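Kindly generate the complete structure, drawing on both the sequences and the hints.
Under UniProt numbering, the first residue of the sequence shown carries the number 1, and numbering increases by one thereafter.
Hints were generated in silico from the structure; no laboratory data involved.
Just to be clear, a hint being listed does not mean it is correct.
Listed next, with one range per pair, are the computed distances between beta-carbon atoms [stated by the list, open to error]:
1. D15 / P223: 52 to 62 angstroms
2. E165 / D114: 17 to 27 angstroms
3. R18 / R222: 30 to 40 angstroms
4. A198 / P124: 19 to 29 angstroms
5. P23 / A234: 43 to 53 angstroms
6. R175 / P44: 25 to 35 angstroms
7. A234 / D155: 14 to 24 angstroms
8. R239 / A126: 52 to 62 angstroms
9. A12 / E225: 47 to 57 angstroms
10. S81 / E165: 19 to 29 angstroms
11. S11 / A130: 42 to 52 angstroms
Model, not experiment: these values are computed from the prediction.
A virtual CB, placed ideally from N, CA and C, is assigned to each residue, including glycine.
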Amino acid sequence: MRTRPADLPGSADLDRLRCGRLPPGWETVPASRDAWVARRRDPPGLFFKAFHPRSGMEVVKALLRGGRARRFVRGTERLRSLGFRVPEVLAWGGGRDGGGWVLTAAVPGEGAFDYWRRRLAGAPAARRRAFLAALAGEVARLHGAGVRHGDLRLDNVLVVPEGEEWRFWWLDNERTGRLLGTFGPWGRRKNLVQMNMAEDPGLTVRDRLYFFRRYAEAAGLRPGEARRLLRAVARWTARRRAATGSRG
1 MRTRPADLPG SADLDRLRCG RLPPGWETVP ASRDAWVARR RDPPGLFFKA
51 FHPRSGMEVV KALLRGGRAR RFVRGTERLR SLGFRVPEVL AWGGGRDGGG
101 WVLTAAVPGE GAFDYWRRRL AGAPAARRRA FLAALAGEVA RLHGAGVRHG
151 DLRLDNVLVV PEGEEWRFWW LDNERTGRLL GTFGPWGRRK NLVQMNMAED
201 PGLTVRDRLY FFRRYAEAAG LRPGEARRLL RAVARWTARR RAATGSRG
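This is the structure:
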């Protein structure tokens, strides 16, 4: 186990969490079937995530690349070293099955999708566009650093308002990695499709196109490159929605 000085839970509480049981003052948080997540409610400020093996190959992956918890920590620290905002990893531990667990400091913000629905869906167009431009610029900055996020759903980007601007924090960095060589269309497309899968009546086609234009500008794409990428994102989004039964 690796730890840093912080307001950590006691060893008994940590043992309970590692066994999938809630200590007093903790509550579960919705998560994928491959993980179990809890947060400390009283006092607030901590998240615990246990990783479950996705398949029998997880042990092999752990031998080659480290277990899921180790990969999470590695991806998080990689982003931090490049100047991106990420929650602090306070403690973590591996598992024989390739899983493991992490304890992170909470960030007082909202996922980008929830933030949009609750605070911006009915806001003036100028405010909506300012947010979309800021988010597009941050995604372009990530790609400009040669990094492809492993799971860029909108709620894996945490939004913290600061006056009239926003700060973005990157979550769930287990599969986030730096690509070797030139950051090409595939890396961009994968992340943009993940973001484009978000569905809500308050997130219109016009909003999506505006975000894409601002992204293309911030990323320095030539007009032809931007058009090809836009067509690829639309095509692959439609395929994924058809495969998952999503209406879009």
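Hint by hint, here is what the structure shows:
1. Taken as a hint, the range 52 to 62 angstroms holds for the pair D15 and P223, whose Cβ atoms sit roughly 58 angstroms apart.
2. Hint check: E165 to D114, Cβ distance near 19 angstroms, so the stated range 17 to 27 angstroms holds.
3. Remark: the range hint 30 to 40 angstroms for R18 to R222 is contradicted by a beta-carbon distance near 51 angstroms.
4. Taking the beta carbon of each, A198 and P124 are about 21 angstroms apart, inside 19 to 29 angstroms as hinted.
5. At about 47 angstroms, the beta-carbon gap between P23 and A234 stays in the expected band of 43 to 53 angstroms.
6. Judged by the Cβ atoms, the range 25 to 35 angstroms given for R175 and P44 holds: they are separated by roughly 28 angstroms.
7. In this structure the supplied range 14 to 24 angstroms holds for A234 paired with D155, their Cβ-Cβ distance being about 22 angstroms.
8. Under the hint 52 to 62 angstroms, the C-beta atoms of R239 and A126, about 34 angstroms apart, miss the expected range.
9. A beta carbon spacing of about 56 angstroms between A12 and E225 agrees with the range 47 to 57 angstroms that was offered as a hint.
10. A beta carbon spacing of about 24 angstroms between S81 and E165 agrees with the range 19 to 29 angstroms that was offered as a hint.
11. A hinted range of 42 to 52 angstroms for the beta carbons of S11 and A130 is consistent with their spacing of about 47 angstroms.
Checked against the numbered hints above, the structure violates hints 3 and 8; every other hint is satisfied.
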